[in-house]
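> Below, each chain spelled out in residue letters.
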Amino acid sequence: MGETVASARDLVMRFDGAEDDALKGVALTVETGQITGLVGPDGAGKTTLIRILANLLSPTEGSVEVLGGEPGTNRFDLGYMPQRFGLYEDLSVIENLTLYARMRGLPKSEWDAVFARLLDFTDLARFKSRLGGKLSGGMKQKLGLACALVRTPRLLLLDEPSVGVDPVSRRELWGMIEQLVDEGIGVLWSTAYLDEAEQCEVVYLLNHGELLFSGNPSELTDEVTGRVAVVTGFEGRRRRLLTRMLDRDDVIDGTLQGRSIRLLFDRPAPSEPIVLDLDADSQMQSVPPRFEDGFINRLGGGPDGTSELARRYRTILGGDGCAIEAKGLTKRFGDFTAADNMDFVIPFGKIYGLLGPNGAGKSTTFKMLCGLLTPTEGSGAVAGHDLRTAGPEARRSLGYMAQKFSLYGDLSVRQNLNFFAGAYGLSRGEARDAIDSAIEVFGLGDSLSRSAGEMPLGYKQRLSLACAVMHQPPVLFLDEPTSGVDPVARREFWTHINGLVEKGVTVLVTTHFMEEAEYCDDISLIYRSQLIAQGTPDELKRRAQELSPGLQAPTMEDAFIALVEDRDAAVEKAA
Amino acid sequence: MQRLKAIIVKEAWALLRDPRGRITLFVPPLIQLLLFSFAATLEVKNTDVGYLDLSSGVESVEILSRLEASGNFDEVRRLGSYDELQDAIDQQQIIAALVFDQQFDRSVLSSKPAAIGVVLDGRRINAAQIVSRYISEIASSVGMEAGPARTTGPPSITRSWFNPNLDFIWFNIPALACIIVSVSALSVTAQSVARERELGTFDQLMVSPLRVHEILIGKIIPPFLVAVLAGLVFVVAAPIYGVPFTGSILLFVLGLSFYALALGGFGMFVSSLSKTQQQAFLGSFVITVPIVLLSGFAAPIANMPDWLQPITYLIPARYFLEMSLGIFLKDMPLFDVLGLLWPLVLLSIATLGTSAWLFRARME
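For the record, the sequence lines run as chains A and B.
Quick note on the working numbering: the first sequence kicks off at 1 and runs consecutively.
Quick note on the working numbering: the second sequence kicks off at 1 and runs consecutively.
Hints in this document: simulated from the structure, not taken from any laboratory.
Please read all numbers here as calculations on a predicted model, not as lab measurements.
Each hint should be verified, as a subset may be incorrect.
[What the hints assert, rightly or not] Capping the alpha-carbon separation at 30 Å, the derived lysine-lysine pairs in DSSO-like fashion look like this:
hint, chain 1, residue 1, chain 2, residue 2
1, B, K275, B, K5
2, B, K275, A, K134
3, B, K5, A, K404
4, B, K275, A, K404
5, A, K404, A, K24
6, A, K350, A, K327
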């Protein structure tokens, strides 16, 4: 057992004007020698809690003790890295470090030694004189961490350090934190990624300000042990089967994993496929549960498999043509090539994923295909309309949903719906039908006159999707559509998407969320402006296994890392 | 049409539903109307003048009584000596003092040139100059009446056309219509694209089937209406201030509309250059100041240095200021209004065209 460096009891945080309390009686203890995870979707109250510990907020109720005193008493022993760390973009790496060393009163005699250690630790020594603004997302986070560590703290508060960081950097970051823990520092790591929770010794799971679970993650997963199974080898379309399984009463959650389906039951998982009316060739295998399974179980299970949205959607008759086509798409900004010679064809009724670290070029490619950027070379087409010559027609056949809530927050829900119906040029009657249907499908009836910006995240997401598909487009563009939302809302979203795809809709999705990648029929892995691998999720995993034979049942994340590292090695060899 | 209607309605709601936006929409113009029309006056009121009368004749008394009757001064004080005069000026009790020498009365009666000494407080140069003008006007009128048989030259009689009493508010209200419309039109349009860029909704607009011209029209109409309404407030407010509106209201609205359009173009230009609302705010501030200064409101354009004068041709306020003053005070005819209108049309086309191009160019 380590020493307790922070504890809180019965914390309640009420913000003026907010309908709901941000924290509802939360208790937490952070000890040295271990990573304490603070896990939950966006808006769960993680940042509020961390800010209270860092003495940036005072709780409405409850008691807090940090480093043996009131919050704020032992400031030099506290390291805090906020979500958007205050790096100075116009200062170089070493200047940023110097600035923080001054601010935190590190004696000048220790500077050189500390900087050398931190630069070595974060592997940033090579970029010492690079400007903060020119660093990649992962490097920025590492520099932020280094700045928070200029005076070795006893308690380190990390607010979503892994957001927007690619899997490779994420692993490195995690390794660095583990090293710190071994040195006797207490670390509180907040994250919306549930897979990170499993690696923590102690986890506090927050949802809508409530503490849903605290303890070792295995305690939560134990609740669902034996209730998870993977179905493989079945005939027919995987999405249709998933829908059928989810509609069963005994299945409370299910996801796609390449060609297999992972199911969570409300009772011990059956071992015979026949119980589920599956065909004889399919196999069922019980698998160990994950943290997310436990979370979903606590939340009472995910939604059913049939999407009302998809049921009402028109059937897209794509014919033989392809829905999205990229021919040698290239984008240069000055002498920097952001996307180099992107080539792919997406048939109707498929989900296609663009996968890659931040800044690799997946957003650039995505934006060229939906007409937000003009390609320097090459051409793209959506539903047969060339983006250069038939931009408006191409735009009429696509729906677009961005990661960031991009509806009008000051407008009411109904005004947003009205605007998009009009913007897509729906006639008065069509618009009324589309809006009524959206209100029903997404359960927006009670909040029609609310400002869209004030709604909870899950509702915002529903509204975004409602607006994006108002005109029943044959093609959907999704830019990291579910990062940060809770797993149930995420299931609901993908249930709709899966249903739409069964109706013939084509989806192009960018993501660095590995779970979303599993839903894709085909994936392009984009790295350093180039398309380095293409294939189904299973194919990519298989290739990763060939590259590093040590991998057992590789996940999408393993595949991603293996392929990127292989690419790096190839580039190094060529140089 | 459906699309155009949708975006106009949306822009109007966006303007009205944002609580901060509502305040910036209505409060500053009203405050400016009140502040400017009372504070930005070039008339001198509420000050005292003194006099030192060594002549003790009739003529000096006549001048002083007229001075008192003019209503420009609270008090016309009698001073006993030069020392007293100096003290009164030093302590800023009076802004100016008139000195009648011993020969004054005699000179006037014998039709010789008579002089009044005027001591002004140079520390308050603006007000002092105006006071000096009042004094010389009154003195000369007395002089003319007193000496009709004067031999030197024809008498000069000043009559101000269109503003007979040279009442400053007659200039101020029409000019403020121009200035305040520019401030509110620029600040509203400058935010519109920048705000959407910052909040990430602009991408959403650009991938919708809306065409660039539809977005532009949709974004310009609500602020356009705001600007026209703000301008009309001055027509309504004019009688309250006793300012006449002699011209055609239709011509005024016509001129105001194109003025608002040109301003909207400038605002949109700033907005499409900006990535954040903050940049847009600074941008609109940067162009509002020269628009006001170079419009002819603060200083006559003819008084500006030669190199600066051509630049004022790019300032929409220059044209509308002339129009507004003309229509308010001298019933400016259609032909003259048209002569001032076409530069506004050109400016609107240029700025709106550039903004439309920037919409796309700045996506990169």
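> Are the hints correct? Go through all of them and say.
Taking the hints in turn, this is what the structure says about them:
1. Taking the CA atoms of K275(B) and K5(B), the gap is about 26 Å. The hint holds against a cut of 30 Å.
2. For the hint linking K275(B) to K134(A), the alpha-carbon distance of about 19 Å falls within 30 Å, and the restraint holds.
3. Between K5(B) and K404(A), the direct Cα distance comes to roughly 26 Å. Compliance with the 30 Å bound is thereby established for this hinted pair.
4. For the suggested pair K275(B) and K404(A), the alpha carbons sit about 16 Å apart, so the restraint of at most 30 Å is met.
5. For the hint linking K404(A) to K24(A), the alpha-carbon distance of about 27 Å falls within 30 Å, and the restraint holds.
6. Distance hint between K350(A) and K327(A) is fulfilled; the C-alpha atoms sit about 18 Å from each other, no more than 30 Å.
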